[in-house]
Amino acid sequence: MPIVFSNVFHCYNPKSPYSFNALNDINMTIDEGKFIAIVGRTGSGKTTLVQHMNALLKPTQGKVEINGYVNSSNKKERTKKIGGLRQEVGMVFQFPEYQLFEETVLKDVAFGPKNFGATKEEAEEAAKAAMARVGLDESFYERSPFQLSGGEKRKVAIAGILAMNPKILVVDEPTAGLDPQASKDTMNLFKEILASGTTIILVSHDMDIVSEYADEVIVMENGKVAKQCTPEELFGVSLSEYSLDNPHTYKFAEELRKKGLNIPTTSLKNVDELAKAIKENIHG
Amino acid sequence: MASFALGKYIPYKTPIHRMDPRVKVLGMIFLMVAVFFSYSTFSMTFSVMGAIALFIIVIMIISKTSFLKLLRSLKSLWFMIIFLLIIYVVVPKNDVTEMHVAFAIKGYNFYWESFLDAARILLRLVLMIGLSMVLTATTSPLDLTYALEWYMTPLKVIGFPAHIIAMTISLALRFIPTILEDVNRIMKAQTSRGVDFEHGGFGKKIKAIISLIIPLFVSAFIRSDELANAMECRGYDPNGKRTKYRKMHFKWSDALALVVVAAILGGCIYMKVINFDLFNILLGEGAVL
Amino acid sequence: MSKILEVKNLQFSYEKETPVIKDVSFDVEEGSYVCLIGHNGSGKSTLAKILAGLLSDWEGSVKVFGLEVNRDNIREIRSKLGLVFQNPDNQFVGSTVRDDMAFGLENRRIPTEEMDGIINKYAGEAGMIQFLDSSPENLSGGQKQRVAIAGILAINPDLIIYDEATSMLDPSGKKDILSLTLKLKEENPRLTVFSITHDVEEAWRADKVIVFNHGEIVLEGTPTEVFSHTKELQEIRLEAPFIISLINALRKQGIDIPDSIKTEEELEDFLCR
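Residue numbers (this note's numbering), protein chains in the order written: chain W, 17 to 300; chain X, 5 to 293; chain D, 22 to 294.
Derived by calculation from the structure, the hints in this document are not laboratory data. We put the CB at the ideal spot given by N, CA and C, even for glycine. Hints may contain errors.
With the C-beta cut set under 10 Å, the calculated list includes, among others, these residues of chain W facing chain X [claimed, not checked]: (1) G49; (2) Y114; (3) Q115; (4) P129.
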């Protein structure tokens with residue numbers, strides 16, 4: 017189920033001195049089943065862009081089409097019960113642990129499915145399955161979400177979105193505040209979710225993560241899509257024009273190139289790929 | 005929330021902005037009291053109020069306070085204003101000796117005096133809103149807090165913690181935008197989980213509000229706990245002596261402003277007390293306008 | 022060199038049964054940059070709170086500037102100690118950068134006339150001079166942490182403690198704070214920085230690294246020493262800095278990298294020789 021943006025504009029506080037064009041004529045298609053990263057400096061429109069995907073925001077002009085739903089500025093064109101879109105496009109906000117509120121973990125995870133019309137039993141079944149996916153066992157069902165550690169709370173929050181069985185999962189800086197190991201676990205979880213057929217859309221500042229996990233990168237700049245390409249294409253060149261940093265592996269390869277060792281700009285997802293690329297070129 | 009223009013500080017650099025906040029607070033109270041006087045005749049009352057209105061308009065121009073915003077804040081009060089006017093026009097007056105019938109509908113008399121009365125109330129309301137707008141638009145909330153703290157200082161003698169209250173208010177002011185951001189974020193997160201904050205029956209509304217309030221409180225408690233730790237580490241002792249970064253300076257211009265405003269209030273009180281009627285003197289005894 | 026921090030046989034538990042810190046001892050020398058690394062929940066932040074006198078009822082001895090941390094000494098200790106906490110928002114007290122920096126000075130009873138000079142000087146040092154009148158909602162997380170650091174510099178500290186000061190920042194914010202810290206250390210060699218972190222890239226730049234796991238010290242030494250214990254680190258699932266991971270990956274590919282190589286530049290030169 018691709019996501020299609022057609023001529024989408026979004027303006028905050030229109031017709032006022034504080035009016036601000038966060039999105040300027042976005043036209044793009046995001047294919048299904050891919051791991052997509054959206055990058056760009058703070059204020060480039062990343063968050064505004066993704067909030068159009070589950071109709072938290074309405075375009076001021078243009079439309080977004082997702083699986084038969086139309087989020088349009090035009091009232092006639094706009095799907096009447098657009099709220100249903102939110103079940104298909106799950107959204108994990110930054111620091112999602114701050115959305116927990118129920119007495120028990122199980123109830124909290126089941127909250128989403130229940131809101132979308134599941135019976136109590138169905139919702140709990142979905143919640144249990146989602147908790148298993150993020151690695152929370154039965155012992156967590158009846159615990160209070162507020163007594164968990166930071167990493168566990170985040171897992172609960174992510175499970176709360178997965179329990180709705182979304183076809184597209186949008187995650188905003190999912191590793192912020194986590195230690196490196198928990199970050200890795202979280203990213204690997206998204207990789208597993210991707211393998212089960214869910215599209216993952218990641219908003220992140222962390223280029224090391226983007227290069228390691230993403231199939232495709234969308235670069236936002238001043239409310240426009242500046243680039244939509246593979247990580248290799250993007251990181252092969254300098255990103256300073258977008259105020260972004262290249263991933264560590266690409267930067268290191270660039271330094272080697274400057275010093276005369278010609279490392280091709282192929283995929284350098286992690287240190288192992290970089291080491292391989294160095295090995296192939298050092299003696300050949 | 006955005007239409008509520010009252011109370012928004014706009015950081016221009018006008019003489020009014022530079023005034024001592026203590027003088028501004030006192031001056032506003034003086035002028036508000038002055039606006040509230042009525043005199044023996046309507047002509048007298050409207051003349052004095054007109055003069056004060058002119059004075060306030062000058063202040064608004066100097067301080068670059070927007071008249072448009074004044075109108076807009078009146079617009080948000082339109083229901084109250086209309087209600088007030090109807091009450092005044094319909095309910096007969098007893099305290100005015102001479103009543104002049106303006107027109108009659110089905111035998112019910114409407115008097116000119118009632119309309120004048122209503123106009124007087126409306127004018128007062130406009131002037132009061134204008135005055136508070138000048139104060140809040142030209143004085144940062146923090147300065148306002150300092151001014152209030154200064155006025156509360158004498159109460160320290162009886163153990164009233166003026167400095168702690170001032171610190172609490174300034175922290176609240178500091179955290180309002182942060183908490184509003186929290187509200188926004190949590191609402192969006194819960195909306196993404198299928199909560200509908202706008203529609204739905206009573207039960208659903210309650211659930212929706214709970215899903216907002218609890219995370220909001222949890223985050224506010226965490227914030228206040230961490231803030232208390234940070235403040236303690238930075239050497240804050242609520243009962244200890246502290247120096248002040250922002251000192252209020254009472255300048256000659258402040259004294260002058262205070263004298264002018266006090267004179268206006270004094271003049272009004274004097275005119276009220278002696279039943280002064282300018283038109284009576286000018287036009288001779290018994291002239292009726 | 023004198024000892025800025027001395028922790029001996031420290032034990033602490035929030036509830037009687039489960040100790041958060043078990044018999045920990047370490048020292049921090051004056052003028053050094055020491056990183057304490059470990060996972061979230063390993064007891065790191067509790068340690069920071071103990072050092073700043075925010076907790077009581079621990080066992081063992083904790084000395085800061087040679088003074089035992091207790092009720093009588095805490096005022097004197099805090100006059101020369103600054104803490105930067107994890108959440109940039111929750112330590113920003115003033116409504117502008119200027120007012121926030123002044124808050125610490127007011128608490129320390131600095132005369133009003135001297136404040137502007139001090140604020141300008143240290144806001145400049147922390148690179149925040151052009152933001153003096155900005156309010157916190159218009160600053161990035163990294164900028165807010167710079168303000169926190171500027172506020173600490175303004176009291177002329179002997180010791181700065183970071184309690185996961187960069188964990189909520191994006192990578193550029195992290196880098197930014199690290200380079201500011203290194204700059205400050207260079208300008209004032211007497212300044213001691215004790216950083217509680219899980220950023221191994223930061224730890225790699227420190228003078229000494231202490232690895233904390235489940236309330237215990239597992240490894241301690243220079244970054245090179247500590248990060249050469251690849252196996253032990255893997256056991257507690259701590260990552261190595263980029264350079265170490267790369268060297269390990271290259272060795273796995275059969276490229277022999279001498280142990281003497283410590284920086285990325287040296288590695289580049291070695292590979293391109």
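Hint check results:
1. G49: violated (22 Å)
2. Y114: holds (5 Å)
3. Q115: holds (4 Å)
4. P129: holds (8 Å)
In summary, the one numbered hint that this structure violates is 1.
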